[in-house]
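Asks: Here is what each chain is made of, one letter per residue.
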Amino acid sequence: MRVVNDLRGVFRARGLVNSIGWGEALISPSPISFLGGVNPGDGRIIDKSNELYGMSIYKKVLIFPHSIGSSVGAYVIYKLKKNDKAPSAIINRMSDMITVSGCALAKIPLVDMVDGLSLIKEGDYLIVNGSQGFVILS
Amino acid sequence: MVRDLYLTNYEERALEGEYGEASAHISGVSYSTIGEHGREFLESYSLNAKVSIPTTVNPLGIDPTDTSDFIIDEKYLSEQMKIIQSYRKLGVTDSFTCTPYEGFHSQVKGSHVSWAESSASIYANSILDLRTNRESALSALASAITGKTPCSELHIDEYRKPSLSIDVNIDEFSGSMKFGLLGYFAGKMARGPIAFQGIKSPISSEAKALCASIGASGASGMFLINEEVDGESIRFDKSDLIKTYDGLNDGKEEEDAIILGCPHLNIQEIHEISDIVEGKKFNKRCLIFCSRRAYEEAKRKGYTKKIEGAGAKFICNTCAVFTPIISHLEVDIIATNSCKAAHYLKRTQNVKISLKDTHDLLIEGCK
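Protein chains in written order, with our numbering: chain A, 1 to 138; chain B, 1 to 367.
Isolated chain B (complex conformation):
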């Protein structure tokens, strides 16, 4: 029997593209975070559901197709595999990255989307001019299925006006470490959009660090750079930068391993690493996390050969923090360039953190 399909006014406008192009990005993919209860839920949920809009997913805890260097518990592998199968059944793109905006999504500006992964949703609002709330793993999943997201907060113009301004009072403010520390400080200060004053527009690696840090320390879903605001204003001085750094860094002891790629590295970031380490050798384990897509591109361009030649190991489609690989390393002190990784590694992996700028980390760790 053929039935007519009637659209609501809203659905007709959506079909005409008035709300841009929908998309969803789902977190809750690593077995380390969702566990067997999450796996079970996804298994039953995926029996009768399909995504209705382009949907990407966050990194895995381990990539079952590439476990060559690590002995991973069989149960972990099989549970992770089941999670992957559930997401496949739902019809997602197997992006397995926390940076879906690098190579997977290209919605027109102003589009209303539903992205979980705190760093990606902040990036979407602040850098890509998309509109999303800071969705949870579950609410983004619901959006992926229904094609809808609540018309609230950051989807509405008036909520996208910053309520807090942070005046950065530091000369030559650049580099992903400083942007990361600023974000970690700022995330604790406001729930709504934040306006940063006195800094240049961040380049992509700086923006990624800023977004990831705001996501880890707070609930704000958006920032603006050098935008006038009415409302409260606070300062971010050199002393705040140092205090924030000291809160994340555990001391001056020599690290046992280096972790790069939280958030996942893009092709430019991999290129920069290859330039620094070419012809040298790492004096400790160095793990580099990125999407398989970024890895393949870097391989074609000859970057991975230089980095692997120096002794570092690429780990694709995997989260740099929520993975059994970290405990498998059996190390006490991990060096990273990421405030977000520092925040979560300390809390979940029983390791100490040496927080260092990317350049310093590579110069000291690879000679």
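This is chain A alone, in the form it adopts within the complex:
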């Protein structure tokens, strides 16, 4: 874990799935459909209509509004983790059952309703605490 020597903010959030994850922020302004939208084999976004098309979510703190589409998306999140291609944490604007249940089984830290979400920019280094419900921006 990188030493946090330049703390820019600690934002309160709703903790949804316990545990802590860290990494660079990757922001999808559009909702994500995990089934048919993310390749669980390599962690890349394969939905051509998504802003992150072609990019990998592996080890990122993936930020998106909420999931859309198939209810099987939860298994895609689980497959990402099992294939070691999962994001290190997920931040939603307002989460949903696909993301929550998928992250719970995959043990991926998840928070939503982050106080200062708009202050977080692509590439920012974040620590997401899903147990206590906060995000550190460094």
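These are calculated hints, taken from the structure and not from any lab test.
For each residue, glycine too, the CB sits at the ideal point set by N, CA and C.
Among the hints, a few may not be true.
Among chain A residues calculated to face chain B with C-beta under 10 Å, some are [unchecked claim]:
id: 1; residue: W22
id: 2; residue: S33
id: 3; residue: P40
id: 4; residue: R44
id: 5; residue: S49
id: 6; residue: A74
id: 7; residue: D96
id: 8; residue: M97
id: 9; residue: S101
id: 10; residue: A104
Straight-line alpha carbon distances no greater than 16 Å define the calculated EDC-like cross-link-like pairs of lysine to aspartate or glutamate that follow [claimed, not checked]:
id: 11; chain 1: B; residue 1: K89; chain 2: B; residue 2: E18
id: 12; chain 1: B; residue 1: K346; chain 2: A; residue 2: D124
id: 13; chain 1: B; residue 1: K313; chain 2: B; residue 2: D63
id: 14; chain 1: B; residue 1: K188; chain 2: A; residue 2: D84
id: 15; chain 1: A; residue 1: K82; chain 2: B; residue 2: E74
id: 16; chain 1: B; residue 1: K281; chain 2: B; residue 2: E364
id: 17; chain 1: B; residue 1: K148; chain 2: B; residue 2: E18
id: 18; chain 1: B; residue 1: K299; chain 2: B; residue 2: E278
id: 19; chain 1: B; residue 1: K109; chain 2: B; residue 2: E40
id: 20; chain 1: A; residue 1: K59; chain 2: A; residue 2: D124
id: 21; chain 1: A; residue 1: K81; chain 2: B; residue 2: E36
id: 22; chain 1: A; residue 1: K81; chain 2: B; residue 2: E40
id: 23; chain 1: A; residue 1: K48; chain 2: B; residue 2: D250
id: 24; chain 1: B; residue 1: K301; chain 2: B; residue 2: E278
id: 25; chain 1: A; residue 1: K82; chain 2: B; residue 2: E40
id: 26; chain 1: B; residue 1: K306; chain 2: B; residue 2: D256
Here the structure of chain A is known, so what remains is to put chain B in place on it, guided by the hints.
Replies: Positioned in the frame of chain A, the structure of chain B alone reads:
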């Protein structure tokens, strides 16, 4: 040792039927979607768990009891078989359909249920007057075991009020294609319940197309027809219909195969197809997906004989999209009447889509 069983107040009220009749519908059955990690999870999960409420399940990737026409990889078959065995161990009804509301569930109106399969949960809320959130494969599984579902969102009256109204400004709005395109457009516009204005109440095939499309393109779990709403209102004009169609359709080239049955066809829909194709011959492969239950009923009524006589093939208990049968066809362009199938086939099966109304599709493809 005999112990007394104490119920909480909530459980006592539930027992008295205050919350209606519980049920669950689980997705995540096709090996094409959940893969070996999903299979492994279900195998270990099913060792010590049993469903506590009536529970149906989604379609398979392939029905291991009927692979006559297709050469399917042995590993795929054995993995699919293990998934079936796990669900059997859990005690589900082997419905293997995405339309469990056709022949499998008949809960009283107002019942709180927990349904995954996006199209079915939207249908439950909007057509059947049941109450369910858009559950995930895993959350519906949890409900099936515990008999409980979180009391949130669409279980609560105030969340069932639409926040967005969509004014349909198109004359003679009917047919499952137009309803499907409307749903695909609408799903992208709102997360909460949607109110459609200016359309008639959909018949069942139109409602199924509408629900499936909303499910594929968005997160909304419910719609209402011609209900007054306070809040934002947007229009759906002819130009929106065309733009939505162009987004799903890949062009005018002639298709190599026809896929019908996303969502699974019901007995009326099969009947309609049999009337159109009777005495004719399909000029390309045509695969028709439905539940085994619907197939058996159609067989008794003489519909399947007419359709099979025209050269089409029924595939029971199987998903029209997440199945190795599609890649086995080795085709470039698939024609379908389903916006949902178009959406997922393009993304997962490396094929182009020709999106056509059911009637046009059959008239052109069967002469």
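Asks: Decide, hint by hint, whether the structure agrees.
Replies: Structure-based check of all given hints:
For W22(A), the suggested interface contact is broken, since its CB lies about 24 Å from the closest CB of chain B, more than 10 Å. Against a cut-off of 10 Å between C-beta atoms, the interface hint on S33(A) holds, since the closest Cβ of chain B lies about 8 Å away. Contact between P40(A) and chain B, as hinted, is supported at the beta carbon level, the nearest pair being about 7 Å apart and thus within 10 Å. A hinted interface residue such as R44(A) counts as satisfied when its beta carbon comes closer than 10 Å to some beta carbon of chain B; here the least separation is about 13 Å, so the hint is violated.
The interface hint given for S49(A) holds, since its Cβ lies 9 Å from the closest Cβ of chain B, which is under the 10 Å cut-off. Given the 10 Å rule on beta carbons, the hint for A74(A) holds: about 4 Å separates it from the nearest Cβ of chain B. Restraint check, D96(A) versus chain B: the minimum CB separation of about 6 Å is within 10 Å; hint holds. Proximity of M97(A) to chain B holds as hinted, the smallest CB-CB distance being about 5 Å (cut-off 10 Å).
About 4 Å separates the beta-carbon of S101(A) from the nearest beta-carbon of chain B, less than 10 Å, and the hint is met. Proximity of A104(A) to chain B holds as hinted, the smallest CB-CB distance being about 8 Å (cut-off 10 Å). Restraint check for K89(B) and E18(B): not satisfied, since their Cα atoms lie roughly 30 Å apart, outside the 16 Å limit. Distance hint between K346(B) and D124(A) is unfulfilled; the C-alpha atoms sit about 34 Å from each other, more than 16 Å.
This hinted pair checks out: K313(B) and D63(B) have alpha carbons roughly 14 Å apart, not beyond 16 Å. Straight-line distance between C-alpha atoms of K188(B) and D84(A) comes to about 31 Å, which puts the hinted pair past the 16 Å bound. Between the alpha carbons of K82(A) and E74(B) the distance comes to roughly 23 Å, so the proposed pair goes past 16 Å and is violated. Proposed proximity of K281(B) and E364(B) is supported: the alpha carbons are some 11 Å apart, at most 16 Å.
Taking the CA atoms of K148(B) and E18(B), the gap is about 14 Å. The hint holds against a cut of 16 Å. With a C-alpha separation of about 14 Å, the suggested pairing of K299(B) with E278(B) holds against the 16 Å cut-off. Distance restraint check for K109(B) and E40(B): the Cα-Cα separation of roughly 37 Å exceeds the 16 Å cut-off, and the hinted pair is therefore not satisfied. The straight-line distance between the Cα atoms of K59(A) and D124(A) is roughly 13 Å, inside the 16 Å bound, and the hint therefore holds.
This hinted pair checks out: K81(A) and E36(B) have alpha carbons roughly 13 Å apart, not beyond 16 Å. Between K81(A) and E40(B), the direct Cα distance comes to roughly 14 Å. Compliance with the 16 Å bound is thereby established for this hinted pair. Restraint check: the Cα-Cα separation between K48(A) and D250(B) comes to about 14 Å, which is no more than 16 Å; the hinted pair holds. The suggested pairing of K301(B) with E278(B) holds, with an alpha-carbon distance near 14 Å, which does not exceed 16 Å.
This hinted pair checks out: K82(A) and E40(B) have alpha carbons roughly 11 Å apart, not beyond 16 Å. A hinted pair counts as satisfied when its Cα atoms are at most 16 Å apart, and K306(B) with D256(B) does not qualify at roughly 22 Å.
Checked against the numbered hints given earlier, this structure breaks hints 1, 4, 11, 12, 14, 15, 19 and 26; the rest are met.
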